[in-house]
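Protein chains in written order, with full-length UniProt numbering: chain B, 1 to 394; chain Y, 1 to 258.
What the hints contain is simulated information worked out from the structure, not anything from laboratory work.
Here the structure is a predicted model, which means the values were calculated and not measured.
Here a beta-carbon is modelled for each residue, glycine too, at the ideal position from N, C-alpha and C.
Any given hint could be a false lead.
Said to hold, decoys possible - Listed next, the in silico BS3-like pairs over lysine-lysine satisfying Cα-Cα at most 30 Å (straight line):
{"#": "1", "chain 1": "Y", "residue 1": "LYS212", "chain 2": "B", "residue 2": "LYS357"}
{"#": "2", "chain 1": "B", "residue 1": "LYS361", "chain 2": "B", "residue 2": "LYS30"}
{"#": "3", "chain 1": "Y", "residue 1": "LYS58", "chain 2": "Y", "residue 2": "LYS124"}
{"#": "4", "chain 1": "Y", "residue 1": "LYS153", "chain 2": "Y", "residue 2": "LYS167"}
{"#": "5", "chain 1": "Y", "residue 1": "LYS246", "chain 2": "Y", "residue 2": "LYS212"}
{"#": "6", "chain 1": "Y", "residue 1": "LYS24", "chain 2": "B", "residue 2": "LYS361"}
{"#": "7", "chain 1": "Y", "residue 1": "LYS153", "chain 2": "Y", "residue 2": "LYS194"}
{"#": "8", "chain 1": "Y", "residue 1": "LYS20", "chain 2": "B", "residue 2": "LYS361"}
{"#": "9", "chain 1": "B", "residue 1": "LYS357", "chain 2": "Y", "residue 2": "LYS24"}
{"#": "10", "chain 1": "B", "residue 1": "LYS361", "chain 2": "Y", "residue 2": "LYS167"}
{"#": "11", "chain 1": "Y", "residue 1": "LYS124", "chain 2": "B", "residue 2": "LYS357"}
{"#": "12", "chain 1": "Y", "residue 1": "LYS7", "chain 2": "Y", "residue 2": "LYS24"}
{"#": "13", "chain 1": "Y", "residue 1": "LYS153", "chain 2": "Y", "residue 2": "LYS58"}
{"#": "14", "chain 1": "B", "residue 1": "LYS357", "chain 2": "Y", "residue 2": "LYS165"}
{"#": "15", "chain 1": "B", "residue 1": "LYS361", "chain 2": "Y", "residue 2": "LYS124"}
{"#": "16", "chain 1": "Y", "residue 1": "LYS58", "chain 2": "Y", "residue 2": "LYS138"}
{"#": "17", "chain 1": "Y", "residue 1": "LYS246", "chain 2": "B", "residue 2": "LYS357"}
{"#": "18", "chain 1": "B", "residue 1": "LYS361", "chain 2": "Y", "residue 2": "LYS138"}
Stated by the list, open to error - Per the computed footprint, the stretches of chain B lying under chain Y, defined by three or more beta-carbons under 8 Å from a beta-carbon of chain Y, are:
{"#": "19", "stretch": "343 to 349"}
{"#": "20", "stretch": "354 to 368"}
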Amino acid sequence: MAERKEISIPVADPTNPYAIPAAMPSSADKNPRSFSVEDFALPSRKLDDWRFTPVERLEEFASVFTPAGQVQVSVSAIDGSDVPSGVSCVSIPKSQAPAGTVSKPNDRVSAVEWNSGANAVHVHLAEDTSVPVLVRVHSESFELDSLHLVITTAANVHADIVVEHDGDARLAEGVEISTGDFSEVSTTFIHEWSDTSKHVGNHRIHVGKGATLRHSVVTLGGQTVRIRMDQDFGGEQGDLTMLGIYFAEPGEHIEHRTMVVHNQPECKSRVIYKGALSGQGAHSTWVGNALIEPTAPGTDSYELNRNLILVPGAIADSEPNLEIENGNIVGAGHASSVGRFDDEELFYLMSRGVPEKEAQKLVVAGFFNELIEEIGIPAISEHLMNTVNARLER
Amino acid sequence: MSVLEIKDLYASVETNEGRKQILKGVNLTINSNETHAIMGPNGSGKSTLAYTLAGHPKYEVDSGQVFLDGVDILTMTPDERAQAGLFLAMQYPVEVPGVPMTNFLRTAKTAIDGEAPAVRQWTKDLTAAMKNLRMDPKFATRSVNEGFSGGEKKRAEVLQLELLKPKFAVLDETDSGLDVDALRIVSEGVNRAKANTGLGIMMVTHYTRILKYIKPDIVHVFADGHIVETAGPELADYLEEHGYDKYMPEGSTESAQA
């Protein structure tokens, strides 16, 4: 008889059933983190992270390039007046902290961005701001360009920052966000590129201990826009809300990937992305990854994606992934849907005399309303609603 | 003085088992200031008649006409029918998430009248109408029908009826799901609309109890997709006592009492 090899099974501590880390390694996040382009494979539909992306449209972002330097970055208060006190905006070399301190590039295009161009724009919020800070990123050129933006805040600060993108562009953008302990911060990124523009973005986010961050992304224009957001917590009781609104039209690919990592105890995360798609060839992708590590007891997480197909022929990919390695959590939920206009809703509104087009507008406004309100920047709410309405007029 | 004329109306619905004809030759004329009760057993096609008049996409008209003051409304879209003066109070009003009641009411009023109502007058009318229906003012800020109780939904339907001032209202089982107090309040609203605008009413109901509050001039019995008997209010009394047995296939019984 062959000798039996003893299998070692971790034994639970009866007083603390949650103490043992999961025996399995995380499967959601096996990708390397590195500043080196060579560490990442070329984007291909065969790779899990790229399987929804029309990679051929983003070829130019797969190898290091010399940025054209045409992209203009300006900082002001949201009403256009001077930068509020306590806000600084400087250009720093990428080799200088805090650039490169919030995690590391996590895919080929983010590593390329890091290695294309020498400098970063560093916006630091040292004090509470009475009005939101506006960072305007404007481009009028399709020459290949890069931008590395670092947003940091002091501890205990209450501040709102809005980053607006518009114009014609082919832009690789890296964003690092690090919020101070116990701060309450909102960062809102608006992408209203022209309909032949391309944008690959990589947000690396670190939420301070006990801090609250509301991170919003609004993507209303661009031929191909792909934004990946990776986040972690710096201490217990962090609170992260990630909100997203997008509108994809024929020929457009709009992709958002959120990666929420619960690595600290008692943190809360909410991810809510909603999109409208209109017509043949409109394509949206939302991939929501949430990882709850063994070190994160008391985690409360939820992610949701809803897609409203306005005109048939559009494709919405929606994929929530949830990996839970800790049994002692408050909640970990997800929901995802892709649907047409509800005929009953439209009929109800029309039976009250509201013409079909108007009824559709009401329904879409209702679909986005809550989220726009939740983004919580009144100065941009009306603009967003008007922009969405203008899209419906087309 | 307006007239709603339904002429030999046949309509079908697409089901899993194929196309099924529900309305089989409906003939009915309603004048302004008249209240007609359409009563009948479950499954007789009463609600189909209501939805077909309003233009619900699920129901297809096979033949027949419906004239509102001489104009055939069957060729119109649902919004055009409403603009022409037809109103349907639904048995199950639809929830429209994220659309505040006030926006919706104002949009509807603007569409019906062809111009936006004057702000001050509109606010006054809305407040008064809500007060009459004992509705909480907070209700105006909530999303259309979302999270409303059954009674609140029916009040909201009658609120719209009073504000939009149609020529004809089709009330589909408006009494269902209402307690006695709510039934009285809702009925008062309908009676008010009639007194104020000379509204013609087609009241679809299975039960007789709402007829105590909204008095019909004419009662029709609806069975197997068409009207089988027409008489005065005394017909409702007969139905209350004997049910719909007489109008149903052999062997089945159904009461008209709630």
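Consistency of the hints with the structure:
1. LYS212(Y) / LYS357(B): violated, 41 Å
2. LYS361(B) / LYS30(B): This hinted pair is violated, its Cα atoms lying about 43 Å apart.
3. LYS58(Y) / LYS124(Y): violated, 37 Å
4. LYS153(Y) / LYS167(Y): Judged against 30 Å, a Cα distance of about 22 Å means the pair holds.
5. LYS246(Y) / LYS212(Y): The given pair, whose Cα atoms are some 23 Å apart, holds under the 30 Å limit.
6. LYS24(Y) / LYS361(B): Violated: LYS24(Y) and LYS361(B) sit about 37 Å apart, past 30 Å.
7. LYS153(Y) / LYS194(Y): Between LYS153(Y) and LYS194(Y) the Cα gap is close to 20 Å, so the pair holds against 30 Å.
8. LYS20(Y) / LYS361(B): violated, 34 Å
9. LYS357(B) / LYS24(Y): This hinted pair is violated, its Cα atoms lying about 33 Å apart.
10. LYS361(B) / LYS167(Y): Between LYS361(B) and LYS167(Y) the Cα gap is close to 27 Å, so the pair holds against 30 Å.
11. LYS124(Y) / LYS357(B): holds, 29 Å
12. LYS7(Y) / LYS24(Y): Status holds; Cα separation ~11 Å.
13. LYS153(Y) / LYS58(Y): With Cα atoms ~22 Å apart, LYS153(Y) and LYS58(Y) stay inside 30 Å; holds.
14. LYS357(B) / LYS165(Y): holds, 23 Å
15. LYS361(B) / LYS124(Y): With a Cα-Cα distance of about 27 Å, the restraint between LYS361(B) and LYS124(Y) holds, given a limit of 30 Å.
16. LYS58(Y) / LYS138(Y): Violated, at about 34 Å.
17. LYS246(Y) / LYS357(B): Status violated; Cα separation ~47 Å.
18. LYS361(B) / LYS138(Y): holds, 24 Å
19. 343 to 349: With 6 residues in contact (Cβ-Cβ under 8 Å with chain Y), the coverage given for the stretch 343 to 349 of chain B holds.
20. 354 to 368: Since three or more residues must qualify, the claim that chain Y covers the stretch 354 to 368 of chain B holds, with 11 doing so at under 8 Å.
Of the numbered hints given earlier, the model fails hints 1, 2, 3, 6, 8, 9, 16, 17; all others are met.
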